[in-house]
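Participant: Based on the hints, put chain C in the right spot on chain V.
2 protein chains.
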Amino acid sequence: MTAPKNIDLEISAHADQHASLRLWLRMLSCTTLIEDKIRQKLRDEFNTTLPRFDLLAQLEKNPQGLTMGELSKRMMISGGNVTAIVDQLEGEGTVVRQIGETDRRSYRVIMTPSGRQSFTRMAQVHEEWIVELFADLIEQDQSGLNDLLGKLKTSIYQNSNNAMAETE
Amino acid sequence: MTAPKNIDLEISAHADQHASLRLWLRMLSCTTLIEDKIRQKLRDEFNTTLPRFDLLAQLEKNPQGLTMGELSKRMMISGGNVTAIVDQLEGEGTVVRQIGETDRRSYRVIMTPSGRQSFTRMAQVHEEWIVELFADLIEQDQSGLNDLLGKLKTSIYQNSNNAMAETE
Chain V
0 MTAPKNIDLE ISAHADQHAS LRLWLRMLSC TTLIEDKIRQ KLRDEFNTTL
50 PRFDLLAQLE KNPQGLTMGE LSKRMMISGG NVTAIVDQLE GEGTVVRQIG
100 ETDRRSYRVI MTPSGRQSFT RMAQVHEEWI VELFADLIEQ DQSGLNDLLG
150 KLKTSIYQNS NNAMAETE
Chain C
0 MTAPKNIDLE ISAHADQHAS LRLWLRMLSC TTLIEDKIRQ KLRDEFNTTL
50 PRFDLLAQLE KNPQGLTMGE LSKRMMISGG NVTAIVDQLE GEGTVVRQIG
100 ETDRRSYRVI MTPSGRQSFT RMAQVHEEWI VELFADLIEQ DQSGLNDLLG
150 KLKTSIYQNS NNAMAETE
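If you read the sequences in order, they're chains V and C. Taking numbering that gives the first Met the number 0, I'd label the letters of the first sequence as residues 0 to 167. Taking numbering that gives the first Met the number 0, I'd label the letters of the second sequence as residues 0 to 167.
Chain V extracted, bound-state conformation (with noise of 0.2 Å):
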């Protein structure tokens, strides 16, 4: 079966654009449909989405629980959406907003411990999904991927700073 054209992004590479583009455009694909891979099991699977299960990761990194605007920053969304991404998850039973000891008028989200159990299963699951969407390229393959992308980083902070420094 070929890729549906649809959701493939690199059908926007002309010939003529510069090889850092189709390079870009190839690697937007690739990402864009894993996460479309991720999205569509954890629907079918857990009947949950990929926001929510995003928030229980930053949960469970963080057992002491998080306020609402360091959700929103860490998952870069809005402070509304991730009102009604708590508001969901709670009434599944999966976090609850804990008030603020000494400042009643704040909360922080922390995971239930059934959250965390069920949370812990739908991860384990996604790995083993990550690892049948990269099955096909070989150890060393993944290695080298993992290298490029590493200088990938150190570029990206690199340039973008410069072209920062150069507005200023």
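No lab work stands behind these hints: they were computed from the structure. Here the structure is a predicted model, which is why all the values come from computation and not from measurement.
Given that identical chains are not distinguished, each listed pair holds provided it fits within a single copy or across any two copies.
Calculated pairs, DSSO-like style, for lysine-lysine (alpha carbon to alpha carbon, straight line, at most 27 Å):
no.: 1; residue 1: Lys40; residue 2: Lys150
no.: 2; residue 1: Lys150; residue 2: Lys72
no.: 3; residue 1: Lys72; residue 2: Lys36
no.: 4; residue 1: Lys152; residue 2: Lys36
no.: 5; residue 1: Lys152; residue 2: Lys72
no.: 6; residue 1: Lys72; residue 2: Lys60
no.: 7; residue 1: Lys60; residue 2: Lys40
Facilitator: Just chain C now, with coordinates in the frame of chain V:
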């Protein structure tokens, strides 16, 4: 300068996680960083958004225009969101809704000549931004990354189809 922690998804990767998962989080992190830079630059330099830019890119490849349904499919966003973006672009004179000749209830969205002109300029500058962000990767690295992402893309199609076949 180091990465602002809140936008560095790679910190999600614990040392004990499978190499493929760490690789995926690094890839997602690079993609998010680049998209974030592009969003910021589109806003600062052209007072526009990534979805508006992406919609114009679709119309540039389809000079005969696209229906709202086609735009929704190609951009993988809801019909309501497409309507909102088309309204904004129509307001600035970049696109028009063209009523169908045979079916007056249907219409296609097409770029205006001034829309095409401003998109061409934006696309050139967008390409320069990408070239800058990838600048520290020598040609051999870019070509190697391109090949490995090609393998990954094949792997995604291969293994997501296998997984689907198993559950059918």
